[in-house]
Amino acid sequence: MRKAYGEALVQLGAEREDVVVLSADVQSSDFSYMFEAAYPKRFFNVGIAEPALVDVAVGLANSGKIPIANSFAFLFATRAVEMVRTHLCYGGANVKLAGAYAGLSDSFDGPTHQTVSDLAILRSLPRMTIVVPADPLAVKKLLPKVVAWDGPVYFRLCRNEVPEIFTGAYAPVIGKGITLMEGDDVTVIACGIMVARAIEAARQLAQQGVHLRVVEMHTIKPLDTGLIVRCARETGAIVTAEEHSIVGGLGGAVAECLSQCAPVPLERVGVNDTFTESGPYNELLEKYGMSVETIVAAAQRALKRKQESPSHAASEVV
Amino acid sequence: MISSLADQASTAHVYPYGAPHTAEMIADLSRRAYEYRAQVLRMVYGRKSGHIGGAFSIAEILACLYFHQLRIDPTNPTWSDRDRLVFSKGHACAMLYTCLAHRGFFPVSELPTFRALNSRLQGHPEPRKTPGVEVAAGPLGHGVAIASGMALAARMDGSSRRVYAILGDGELNSGVIWEGMMTAAKFALDNLVVIVDYNGVQQTGTTSHVMPTEPIADKWAAFNWHVIELHGHSVAEILDALDLADEIHGRPVVIIARTTKGKGVSYMENQPAWHGGIPDEKQFQIALAELEERTNEWKA
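As they're listed, the protein sequences go chains A and B.
Reading the first sequence from the start, the letters are residues 115 to 432 in my numbering.
Reading the second sequence from the start, the letters are residues 49 to 348 in my numbering.
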């Protein structure tokens, strides 16, 4: 996903004079060095200083630039979050944050570098927009929309190579979820790398006669509540899947929506409110509850709960 | 008793950028600095909320900036080529609002709504609500880094616009200040002027007691800034320093303004209690009388 991001930045640089890129000295990690090489006068390395990274970007935004600030995802959500809250969200500075190495994707560096709370933290801030691309093409399609969006955006990026799931016809709109597979039994709402795994889970369950609807929710905020409610009413059960804690992220957001508007059984797939550990990326995802099998099991639980619920029984009678 | 400023014309006289520093101009700005203190006193007393001490210590600095140095247009607050002022010590914003109102950004009659429900004049600055406010402030320490971003943008645009930031001295406790200092020096931002209101007092005591920052001039110099030290209540010195800063090339400029917290009211001066203290009626009358006396001295 990194190479796609670097290429997308370079493309943006060619298309928009007002785009500037800043880094807290991680451009070799997140591949924003590709923009630095192409447009050195529009690239600023402020050193290992994430609060200053965000504040310098605020000053550039005040003066008509569209800054894309680059650092490791967890640092935006922790060390620099006061700057994000005060100036991007409260003050309205039009700064874009590119959070690299999100989820468990900085796998060998361990829990200090892994990022499983960023969606929860940043989602609580008024006026924040959060976008999570699911594959390299999504990075390229979404980044120009993030830059064109009026207001601050957190763009959450994975470090590693991920399965390609979209074709050129993919046309995401910020704030709108996309139904990738139709199904009537359970809806899986996924973001980021978990979208590919949700599709695989749907294929496996289809062989057992269970039909999952798969929704890609690339925008965590503002959340496409209309689509969620419709899926709840049409399929009667929901599973969320994210490379993030099950507390406060996509699963939390969907739970808030469902509990108020369309209470149906919900199962949340993600990190189960724990710190993780160092290790190979895919093995970490397996161990900490983000495997295809976990999604399959969650869907089966959700389906069972739906079938056992009184309202479902009543609707069957009707 | 000082007449209500709300009764006066909404915009005060502006001495254009580059105008000679006449004795009349110096006396007028010095006098107005005391009038504006009285306005701040009325705002805080009226709402029973706000920060007087740190507002009083920057009266002359803001008067020089808003009524002479800054190339701004109150009829077009978001003019892209305006000079920028980053008001980093946000708690002192009663003085900022007073200057903005008298400069014509919004009616002076709005000043008494400071900190009231539904007011545009928030307890700490909010750029989306208040014309003339550039960035949010309140949590301390942001000014140098934000101003650095503005200065970088001006350079990229090939613009001669300049960037100013007003910091408190207690604010220097914050680490991001020093990140910003390194950044501005790295990029040699000579279109940036930071003014430190070095009044020596922060919320719970003197800065030398709470968190010693001296020798402060040496610290900025060691970070490769051009340092100017001056008496922060001398309009003549401030005006000269702002001109001098325009002539410094290759390095950002910091003006260490030695000031007095609570300046102008005898019982408030240098007292940490008046960082956020609210006067009772008797204290209010004494303070108003003293400020009127100082104002009249400059009328002579």
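The set of hints was computed from the structure by calculation and includes no laboratory data.
Note that the structure is predicted; figures quoted are calculated from it, not measured.
It cannot be assumed that every hint is accurate.
[What the hints assert, rightly or not] Pairwise CB distance ranges, derived in the manner of DEER restraints: (1) B:G253 / A:P240: 31 to 39 Å; (2) B:M259 / A:D223: 28 to 36 Å; (3) A:D223 / B:Q319: 47 to 55 Å.
[Unchecked claim] Calculated from the model, a selection of chain B residues having no Cβ within reach of chain A, i.e. all distances over 12 Å: (4) D129; (5) S157; (6) A184; (7) T231; (8) G248; (9) H257; (10) D288; (11) F332.
Yeah, the Cβ is synthetic: ideal placement off N, Cα and C, and Gly gets one too.
Here's how the hints hold up against the structure:
Under the hint 31 to 39 Å, the C-beta atoms of G253 of chain B and P240 of chain A, about 35 Å apart, fit the expected range. Distance hint for M259 of chain B and D223 of chain A: a CB-CB separation of about 34 Å, consistent with the stated range 28 to 36 Å. Between D223 of chain A and Q319 of chain B the C-beta distance comes to about 51 Å, which sits within the given range of 47 to 55 Å. The beta carbon of D129 of chain B is not kept farther than 12 Å from every beta carbon of chain A, the shortest such distance being approximately 10 Å.
Separation of S157 of chain B from chain A is adequate, the least Cβ-Cβ distance of about 26 Å exceeding the 12 Å criterion. Residue placement check: A184 of chain B does not keep its beta carbon more than 12 Å from all beta carbons of chain A (closest about 3 Å). Taking the minimum C-beta to C-beta distance to chain A, about 5 Å, the non-interface status of T231 of chain B is violated against the 12 Å cut. Listed as outside the interface, G248 of chain B is consistent with that label: its C-beta sits roughly 26 Å from the nearest C-beta of chain A, beyond the 12 Å cut-off.
For H257 of chain B, the non-interface assignment is confirmed: its Cβ lies about 26 Å from the closest Cβ of chain A, beyond the 12 Å cut-off. Distance check on D288 of chain B: its Cβ is at least 27 Å (rounded) from any Cβ of chain A, clearing the 12 Å threshold; non-interface status holds. The Cβ of F332 of chain B sits about 32 Å from the closest Cβ of chain A, beyond the 12 Å cut-off, so the non-interface label holds.
Taken one by one, the earlier hints fail for this structure at numbers 4, 6, 7, listed in ascending order.
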